[in-house]
Amino acid sequence: DAGVTQSPTHLIKTRGQQVTLRCSPKSGHDTVSWYQQALGQGPQFIFQYYEEEERQRGNFPDRFSGHQFPNYSSELNVNALLLGDSALYLCASTGTGFTTEAFFGQGTRLTVV
Amino acid sequence: KNEVEQSPQNLTAQEGEFITINCSYSVGISALHWLQQHPGGGIVSLFMLSSGKKKHGRLIATINIQEKHSSLHITASHPRDSAVYICAVIDAGGTSYGKLTFGQGTILTVHP
Chain W
1 DAGVTQSPTH LIKTRGQQVT LRCSPKSGHD TVSWYQQALG QGPQFIFQYY EEEERQRGNF
61 PDRFSGHQFP NYSSELNVNA LLLGDSALYL CASTGTGFTT EAFFGQGTRL TVV
Chain P
1 KNEVEQSPQN LTAQEGEFIT INCSYSVGIS ALHWLQQHPG GGIVSLFMLS SGKKKHGRLI
61 ATINIQEKHS SLHITASHPR DSAVYICAVI DAGGTSYGKL TFGQGTILTV HP
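Residue numbers (the numbering used here), protein chains in the order written: chain W, 1 to 113; chain P, 1 to 112.
What the hints contain is simulated information worked out from the structure, not anything from laboratory work.
Be a bit skeptical, because a hint or two may be false.
Not everything, but these chain P residues come out facing chain W in the computed CB check (under 10 angstroms) [said to hold, decoys possible]:
(1) 35
(2) 48
(3) 52
(4) 103
Here are the in silico distance ranges between beta carbons for each label pair [to be verified]:
(5) 111/P with 38/W: 22 to 30 angstroms
(6) 18/P with 63/W: 42 to 50 angstroms
(7) 60/W with 92/P: 17 to 25 angstroms
(8) 60/P with 10/W: 33 to 41 angstroms
(9) 3/P with 111/W: 24 to 32 angstroms
(10) 60/P with 28/W: 23 to 31 angstroms
(11) 20/W with 20/P: 39 to 47 angstroms
(12) 17/W with 69/P: 16 to 24 angstroms
(13) 111/P with 16/W: 38 to 46 angstroms
(14) 18/P with 7/W: 35 to 43 angstroms
(15) 27/W with 55/P: 21 to 29 angstroms
(16) 17/W with 107/P: 39 to 47 angstroms
(17) 28/W with 56/P: 35 to 43 angstroms
Owing to the predicted nature of the structure, the values given are computational and were not obtained by experimental measurement.
Cβ coordinates follow ideal geometry from the N, Cα and C atoms, glycine included.
Just chain P, with the same shape it has in the complex (with noise of 0.2 angstroms):
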């Protein structure tokens, strides 16, 4: 079982509706990350958070650290938001110095 699940894999959606995408963790960690990689390769940090709620823009992240699971919402979705989404969290170890692991990523498509 990975250490980082995230669901759905694959998500296709009209523009206009809300999306949610799920991660769950099965250790202890200090902080995560949930990251944005459009074809071509880059990756760009949308948020990192340890507790509560992030709003940005469209975007949306909450992380219940108790549950260990977090989601990402996008509000008013746009073909634009087409993208993997990956979660990635930090090991609270005291040895992983800021070491990330990744979640497999979700493939979000949105139609105009």
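Chain W extracted, bound-state conformation (with noise of 0.2 angstroms):
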């Protein structure tokens, strides 16, 4: 049984530039979250996807989108880039139901110059 997969797993963009991320969850996982990760901190919540809509938001601003497709695989996308997106990407699936496990792919190492 595969877990959450990632990918790219790592990635070089040139500001101003747009980038996909890609995450496939967990067999029988419904629901994706993505988070940022800058270096020496914990993971920022991002945005959730359920049912193929965006069901909640952190403080991120648009530039920062995303889709999940009816096989409940995600993208993160994001417009724009600015140095400050250097961060490791991290995708997580969780099941129904708000308390289950959360399970987490090995992240995207995106490096913005």
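Dock chain one against chain two, each of which comes alone in its own frame, and use the hints as you go.
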């Protein structure tokens, strides 16, 4: 049973560019949450997708957007990249119910130069 | 003040020592995760608990809901336990939908 998979694992982008990160949830999970982890910090909630809609959102600008597909996989898009967007982006999946255990992907390390 | 506070931020131990990491939170929660993160980034959930105590191998997690406090203990620590340990809570609010709020992490280094 595959866990949560994220792609790519690393990428380097230039300021102003756009990036798309991908996440496939654990089998049986229908909810995907995205988190940003700056170096030396705890992860910060970006948004959560359920039933192909953004169900809730953290304190991130509209440059951060997402999508969830019918197979529950999800994308995180960031437009007009800033140097400060450099971080580890983590995807977590959970099943139905608000207290099911979260499973995390390995993360995507984004570097903006 | 952060909603989730961990202590200590950095912890160095000798192999074999008993280790305790503490987590305090200020909001009502429905559950709490203890997570482990190795260099390279991937996060693994060690425990999810909402009351009492859980044990897995050399790891023990406890939670006191009334005091809004949880601890992670590692018995007979080993260099392979070296990692960042993160406490994360699920807000009890009806609109949290299982969103996690994280502590800043505790960097544990165990020397041989």
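Query raised in the report: Can the suggested window of 35 to 43 angstroms be confirmed for the beta-carbon pair residue 28/W and residue 56/P?
Result: This hint is violated: roughly 22 angstroms between Cβ atoms.
Query raised in the report: Holds or violated: is there a CB of chain W closer than 10 angstroms to the CB of residue 103/P?
Result: 6 angstroms, holds
Query - residue 60/P versus residue 28/W beta-carbon gap, inside 23 to 31 angstroms or not - result: 28 angstroms, holds
Report task. Given the hint of 16 to 24 angstroms, check if residue 17/W and residue 69/P actually sit that far apart at their C-beta atoms. Result -> 44 angstroms, violated
Query - C-beta pair residue 60/P, residue 10/W: status relative to the range 33 to 41 angstroms that was hinted - result: 35 angstroms, holds
Query - Supplied distance hint 38 to 46 angstroms, evaluated on CB atoms of residue 111/P and residue 16/W - result: 45 angstroms, holds
Report task. Starting from the range 39 to 47 angstroms, see whether the pair residue 20/W and residue 20/P falls in it by beta-carbon distance. Result -> 42 angstroms, holds
Query raised in the report: Is it true that residue 60/W and residue 92/P lie within 17 to 25 angstroms of each other by Cβ?
Result: 23 angstroms, holds
Requested in this report: Can you let me know if the beta-carbon spacing of residue 111/P and residue 38/W is within 22 to 30 angstroms?
Outcome: At 28 angstroms between Cβs, range holds.
Query raised in the report: Quick one: are residue 3/P and residue 111/W within 24 to 32 angstroms, going by C-beta?
Result: 29 angstroms, holds
Query raised in the report: Close enough to count: is the Cβ of residue 35/P nearer than 10 angstroms to one in chain W?
Result: 8 angstroms, holds
Query - Consistency of beta-carbon spacing, residue 55/P to residue 27/W, with hint 21 to 29 angstroms - result: 27 angstroms, holds
Of the numbered hints stated above, those contradicted by the structure are hints 3, 12, 16, 17, listed in ascending order.
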